[in-house]
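Student: One letter stands for each residue in the lines below.
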Amino acid sequence: MTNKREYVRTLQEEVMKRFVGNEEATYIAILNLLHKRSTLLIRAPRGTGKSTLMLLLLKGMFGDDFTVISGASEVKRGEVIGRLHIPSLEKEGTEKVLWARFVQAHGKGIDEVNRLNPYTTANVHHMMQFGEVWAYGQKSTASDYTLIANENPNDLTTFIQPPPFYDRFDVCVYLNSLTVSQKFELQEKNNRYENDLINSMPQVIKYEDLLEIRREVEGTELDPETLGFINILVRDFQVCVRDKEHSSVLPPVLCEGCHFTRFVCSSVKEPPSERATVVLTQLAKAKKWLEGEVRNDDIIEMAKWVLVHRISLVRNENVIEEIDELLQREKERMLERESRRQWFILNELYTNYSPGLYRTAREIAVEDNVFAEELYALEEKWIKEGKIKKEETLKATLGIK
Amino acid sequence: MESEYFRKFLESKSSKVNAKIIGDLLAWDEGLQISRSSKFTDFLELVYAEKTTGDAIVLERGTALDLAERIEWMEKSIESLSKKVKVLVAILILVSLVAIWGWLT
Numbered sequence: 035m036t037n038k039r040e041y042v043r044t045l046q047e048e049v050m051k052r053f054v055g056n057e058e059a060t061y062i063a064i065l066n067l068l069h070k071r072s073t074l075l076i077r078a079p080r081g082t083g084k085s086t087l088m089l090l091l092l093k094g095m096f097g098d099d100f101t102v103i104s105g106a107s108e109v110k111r112g113e114v115i116g117r118l119h120i121p122s123l124e125k126e127g128t129e130k131v132l133w134a135r136f137v138q139a140h141g142k143g144i145d146e147v148n149r150l151n152p153y154t155t156a157n158v159h160h161m162m163q164f165g166e167v168w169a170y171g172q173k174s175t176a177s178d179y180t181l182i183a184n185e186n187p188n189d190l191t192t193f194i195q196p197p198p199f200y201d202r203f204d205v206c207v208y209l210n211s212l213t214v215s216q217k218f219e220l221q222e223k224n225n226r227y228e229n230d231l232i233n234s235m236p237q238v239i240k241y242e243d244l245l246e247i248r249r250e251v252e253g254t255e256l257d258p259e260t261l262g263f264i265n266i267l268v269r270d271f272q273v274c275v276r277d278k279e280h281s282s283v284l285p286p287v288l289c290e291g292c293h294f295t296r297f298v299c300s301s302v303k304e305p306p307s308e309r310a311t312v313v314l315t316q317l318a319k320a321k322k323w324l325e326g327e328v329r330n331d332d333i334i335e336m337a338k339w340v341l342v343h344r345i346s347l348v349r350n351e352n353v354i355e356e357i358d359e360l361l362q363r364e365k366e367r368m369l370e371r372e373s374r375r376q377w378f379i380l381n382e383l384y385t386n387y388s389p390g391l392y393r394t395a396r397e398i399a400v401e402d403n404v405f406a407e408e409l410y411a412l413e414e415k416w417i418k419e420g421k422i423k424k425e426e427t428l429k430a431t432l433g434i435k
Numbered sequence: 227m228e229s230e231y232f233r234k235f236l237e238s239k240s241s242k243v244n245a246k247i248i249g250d251l252l253a254w255d256e257g258l259q260i261s262r263s264s265k266f267t268d269f270l271e272l273v274y275a276e277k278t279t280g281d282a283i284v285l286e287r288g289t290a291l292d293l294a295e296r297i298e299w300m301e302k303s304i305e306s307l308s309k310k311v312k313v314l315v316a317i318l319i320l321v322s323l324v325a326i327w328g329w330l331t
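The listed protein sequences derive, respectively, from chains A and B.
If you're matching positions, the first sequence starts at 35 in this note's numbering and goes up one per residue.
If you're matching positions, the second sequence starts at 227 in this note's numbering and goes up one per residue.
The set of hints was computed from the structure by calculation and includes no laboratory data.
Beta carbons are placed, not taken as given, at the ideal position from N, Cα and C, and that holds for glycine.
Hints are supplied without guarantee of correctness; some may be wrong.
Stated by the list, open to error - Not everything, but these chain B residues come out facing chain A in the computed CB check (under 10 Å):
# : residue
1 : 232
2 : 234
3 : 237
4 : 270
5 : 274
6 : 276
As the list claims (entries may be wrong) - Away from chain A, derived, C-beta distances all over 10 Å, residues of chain B:
# : residue
7 : 303
8 : 307
9 : 320
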C-alpha cells in the first residue's frame, strides 16, 4: 500500500521548491486541504505570491483539472454558476441549465475574491454553506471540492464582502513580502523552472487518493484532552458574561466595570463562530494523521489562522500580532487552569455535591469565566434538587442575569 | 444536558491529578523536590559546626535581632575608641614637640 502521507509531504516539498518563504502559512494551507470541502483564503499585499500559492496548490492536487475565476473580470451575472441552454428554451420551451465548469470542478480557485460581485458572492457563499448551487430555479449539488481564494485586504474593493462569507473559509493565511535573500532565492527558482513556476508544478495526488486521505483524516480520533483544549480555547474567545453576542454595545465600552476585563474576552469585539471549533478540530486531526501527534502548542499555532478572519478585535492595528499576543496569554491561562485542578474539582462536583468543593469552585470561577459558565449550569441543577438556594449562587453573588 | 465527551474530558483530566478529598477539603501533593542548593543551614550551626550542609543560611528572628544589637554595640565602641585614639595621637604629638623644644634649648 502506498503511504498516502508521502503524497502530502511531496505536495509540500514541490510547492516549497517553487514558493519562497511563508513556510508556516504554506504548511497550514496544506493541512487544511486534508478535509472535505476544504476552503482556504490567502491574504497578502499585491505581488507577494498569493495567486502563485493558490495555483501551485491547485496544480499539485488536480493537475490541469481545476477552474479559476477572477473577481476582477467576473462581472456577468450567472456565468460563474450556470447559464440557460437557449436551444432547449427555443425548441422545447424548457429551461435547461448548463452548469458552469466552476461548479463541476473539484478544484476551484477565486482570484481577488474581494472584487467578486454580490450575485456571485451569494452563489459561492450558498455553495460553501450547503454544498449546492442554484440557477434559474434549478439546483446542482457540489460533490467534494477544494476552494482556494485570495485577496489583498488593502485593495479598494468593488464590493464589500459580508463577514459571514469570510467565515465560510476554513482558514485564512497571511503572506509576507520577501526579504533580500528570499528575492535571490526566488530568482534562482525562476531560473531553475524557466520562469514557469506554475506549469512546472506536477500533480502529486490523484483525486481518488485525496478522497481516501480525507476519509482517513476524518476517521482520525483525537483524545478527550485535545478536544477539550480546542473547545476551551475557542470558548475563551467567545465567552462574555455581559452577552456581547446579543448586545448593541461592544467592548471596550461593554467591559467597563466588568470583573473579567483582564481576560481575552475583553479584547474581542466580535467573537468567532462555532466554525472555528470545527475547523480547528479538522486541522488537529490532519496534523495527527500526518505527523502522528498533535500537541497543545500546535493547536495554539493553528488557531491563529482559524481565528484571524473570524473575529474583530478592540485593537486592530496589526491583527496578526494582536492574535499572537492573545494566544500567548491563552497558553498561560491553560497552565493556570491545570495548577488549580479545576477540572478535577468540576468532575467531583458533577458526581457529588460537596459544600467545601463548591466553595473552592466558586473561588476558581471568579478567576475563570469559562469555568464559571459550567458552574452556573451545575448551580441550576442543585437549585432544582434543593441543595442550594438561588440567592446563594455565584451568579447571584456576581450580579449576573 | 450533560455531554458524554465533556465527562470523558473531565475524567481524563482528573485521572492525571493526584489529589484527595478529605471531608470538604481538597488536598494534593505538589511533589516539590528540594535540590542541594536550596538546602539551608542554621546560623548557630554555621558558627559552631565544622561542616555545614547547605548554601543558604537561615536566621531565626531572635538570633537576627541579637546579631543586629551586637553590630550596633560594636559600631558605637569603634566610634568611641577611634575618638580616644585621635586624642592620644594629639597628646603624643604635643609631648613630642615639648621634648624636642627642651632638647634644643
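Student: For every hint, state whether the structure bears it out.
Tutor: We went through each hint and held it up to the structure:
no.	hint	verdict
1	232	holds, 8 Å
2	234	holds, 4 Å
3	237	holds, 6 Å
4	270	violated, 37 Å
5	274	violated, 41 Å
6	276	violated, 42 Å
7	303	holds, 53 Å
8	307	holds, 57 Å
9	320	holds, 75 Å
Hints 4, 5 and 6 from the list above are not met by this structure, while the remaining hints are.
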